[in-house]
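Chemist: Given the coordinates of chain E, work out where chain Z should sit on it, guided by the hints.
Number of protein chains: 2
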Amino acid sequence: MTHIYNFSAGPAVLPKEVLAQAAAEMQDWHGSGMSVMEMSHRGPEFISIYQQAVADLRELLAVPANYKILFLQGGGLGENAIIPMNLAGLAAQQPATVDFVHTGSWSGKSIQEAAKYANVNVAASSRAARFTGVPPVAEWQLTPGAAYLHICTNETIDGVEFQQAPDVPAGTTIVADMSSHILSRVIDVSQYGVIFGGAQKNIGPAGLTVVIVREDLLGKALPICPSAFDWTIVAEHESMYNTPPTYGIYIAGLVFQWLKRQGGVAAMEQRNIEKAALLYAALDADDFYQNRVEPAYRSRMTIPFYLRDESLNDAFLAGAKQRGLLQLKGHKSVGGMRASIYNAMPIEGVQALVNYLNEFAGR
Amino acid sequence: MTHIYNFSAGPAVLPKEVLAQAAAEMQDWHGSGMSVMEMSHRGPEFISIYQQAVADLRELLAVPANYKILFLQGGGLGENAIIPMNLAGLAAQQPATVDFVHTGSWSGKSIQEAAKYANVNVAASSRAARFTGVPPVAEWQLTPGAAYLHICTNETIDGVEFQQAPDVPAGTTIVADMSSHILSRVIDVSQYGVIFGGAQKNIGPAGLTVVIVREDLLGKALPICPSAFDWTIVAEHESMYNTPPTYGIYIAGLVFQWLKRQGGVAAMEQRNIEKAALLYAALDADDFYQNRVEPAYRSRMTIPFYLRDESLNDAFLAGAKQRGLLQLKGHKSVGGMRASIYNAMPIEGVQALVNYLNEFAGR
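Going line by line, the protein sequences match chains E and Z. Take 4 as the starting number for the first sequence in our numbering and just add one per residue. Take 4 as the starting number for the second sequence in our numbering and just add one per residue.
No lab work stands behind these hints, which were simulated from the structure alone.
Note: identical chains are not told apart, hence a pair may lie in one copy or across any two.
Derived pair list, reagent style EDC-like, types lysine to aspartate or glutamate, alpha-carbon separation capped at 16 Å: (1) K335 with D317; (2) K335 with E313; (3) K324 with E48.
These figures come from a predicted structure and were not determined experimentally.
Chain E extracted, bound-state conformation (with noise of 0.2 Å):
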């Protein structure tokens, strides 16, 4: 059979060495007789590998003590909700305003949920440009007394990813939807108030959302925050208030120790620098294809693509697919192709992609 290379979105590729450990642990985790799926989330067996998910992805992106890591359900969607439920309060007036820097569609969508709990401020956007980079922060119209500044410091659909936190004033509390970049490369977490994201991209299955938050923002839920995403909550039960997803956790906590075992996120963002760059300089080879994001804010990550000639979209992924290079199809919202090269995208995945793409092309 053909070697298979999944550059779907998300749910995206898992390390192939996580798939085939969850395999053989499926029937009986560690001779306890029981499968993860059938553990009771307050026996010692789950208890000991959700500790050991929440201190490796501690110890990998170096979360100071003063920050919770929470597990949640939802999704990045659910979140986009649950995040002004959970932070309005912190508004120097009420109504609270929000501040928001629209870089693409996910933020889009991150603006228009926050709008049912909050005054939106989109302090800069974008938009203008088809949300092809990142307007520059002295641009940026900040809300004195904002609850907080929400950001997406990747956006999946668009391929625009923030190099750096933003150099905002102090006090400002950044709250960055990290769902398609987070382990990825190196943060400095200190530098954001809350840092979160859906699992299915860089971190595990779908279903299991993880929320990174500064202990001095939590207690200021609105009163009609549901007590299952009530972060206070949720960090007072160490994620228990509700059965979490616990299968999920699991996964999680194994590819954080793959990650570990490949010498954690700056041996990996090394990798991603040499992966993007090579896919990066096969795309910009002559005009046969186009990535249209400024260089400076191009995604490691998420890349989205067009064909000069867009009528030849479907005979490229015809190829793609015989050739065993799967899920290169752009979002419909944008149209195109899209490669997504995570974590889990070994270089070689990348290698097969560049080859097809001279091949296609003629070169």
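Modeler: Just chain Z now, with coordinates in the frame of chain E:
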């Protein structure tokens, strides 16, 4: 190794055949080259898994065509908020009143959470009787024009089960929390407006929530309802408005197929009647053990019991564990023991427990 029987209340035992199939398919689902965890939820492979799961659940419970089957996240505790957010708008007057029957810990939690979104009327309560039964329906003080009536048809912690849908006045919309006995007995779905449950007891892994809702109840969500939990939006998007818990849906689908191979819900109900009769007979044989629930409301699924001499609790649990009888400790709020004997618990497991009960009692 001793044969293991896992009596956990949830996450709980799964059919061995299901776990074996999941292990075999973990690294390559049906020759796709992908794990189910790696599939885009919008790709043809996962769509086929989703559609089969919905169709099988519809067949197993004979869900009428005018009911939607939704796959959500957040569990029963999440739904305690999500339900009033979706249904409070049905009340004749606003602010809405919601009726509850309080029969144990879970309905108690539902009452507490709903009070954030509506006026709560406890139409009946068995609290004075220490949650050992269900108050007679004739005595329920229902509110004219209430948005709905919420009941928990199997109280997991207290072991109290409704043996049929309550005979309430026509036009009453019953919302039933069936988390811990769904698919264990034949029900008439048309007697309910909404049936919901966390999957982690009788359906599959934690992190998946199943909601079955009559279509005419949709379209009334409060403006503060998060989009990801707005049943109308979720139904319009076939449970794919946000990324669903794909692997949980896959495992649930395998459980549904296993149930069909067992002869469906009616056949399963006969086995559950036998299993429960066997266990209650051992508990009732003399006064060494005690189940305090009125016989007419004894649960077939979740069976709490106490040792007459509670100083023997630790010895009982230690001996059980030695014999491979796991997770028999009762919920911390009520103490004692609890045997959850869900669909996936074979009668051999119940017999092994009964043998131990007799042995420990010195019979």
